[in-house]
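Participant: Sequence:
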Amino acid sequence: MQKKQSSKQDNYQRFLEVANKYRTWLPVNRNGWWIKFSTYDFDNILLVIVSQFTGQTIIRYFHDEDEAVEFINYVCESDPNFDLV
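Numbering (our numbering), first residue to last: 7 to 91.
These are calculated hints, taken from the structure and not from any lab test.
Any given hint could be a false lead.
As the list claims (entries may be wrong) - Under the rule of at most 20 Å between Cα atoms (straight-line distance), these lysine to aspartate or glutamate pairs were calculated in the DMTMM-like manner:
id	residue 1	residue 2
1	27	16
2	42	16
3	42	76
4	42	89
5	42	73
6	42	83
Build out the structure end to end from the sequences listed, making use of the hints.
Facilitator: The following block contains the structure:
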């Protein structure tokens with residue numbers, strides 16, 4: 007019984023560590039694309055982009071902020087009515 011109690015505490019501690027390092031912002035709509043931006047530990051960037059017209063979903067993970075910004079600009083310049091290749 008004691009082992010389960012310790013495991014629950016370890017899981018809760020891990021959850022708190024992740025929650026304190028994880029930041030997310032509300033989705034933004036740009037040119038027919040919904041963009042959701044999240045960071046973990048200030049170095050890891052997760053983008054979730056969804057076309058408001060087709061429902062196409064793009065999920066990308068970046069280590070470099072400049073690459074993430076370039077990708078966001080590329081997607082925003084693309085037509086949300088057609089799938090990106």
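Participant: Taking only the CA atoms, is the gap from residue 42 to residue 73 under or equal to 20 Å?
Facilitator: OK: residue 42 and residue 73 at ~16 Å, within 20 Å.
Participant: Against the 20 Å threshold, does the CA-CA distance of residue 27 and residue 16 hold or violate the hint?
Facilitator: 17 Å, holds
Participant: Measure nothing beyond the straight line between the CA atoms of residue 42 and residue 89; if it is 20 Å or shorter, mark the hint as holding.
Facilitator: 18 Å, holds
Participant: Given the hinted pair residue 42 and residue 83, is their alpha-carbon gap at most 20 Å?
Facilitator: Satisfied, since the Cα-Cα distance of roughly 17 Å is no more than 20 Å.
Participant: Within 20 Å, alpha carbon to alpha carbon, are residue 42 and residue 16?
Facilitator: Violated: residue 42 and residue 16 sit about 30 Å apart, past 20 Å.
Participant: Does residue 76 lie within 20 Å of residue 42 when you go C-alpha to C-alpha?
Facilitator: Answer holds: residue 42 to residue 76 is near 15 Å, not above 20 Å.
Consistency with the previously given hints fails for number 2 only.
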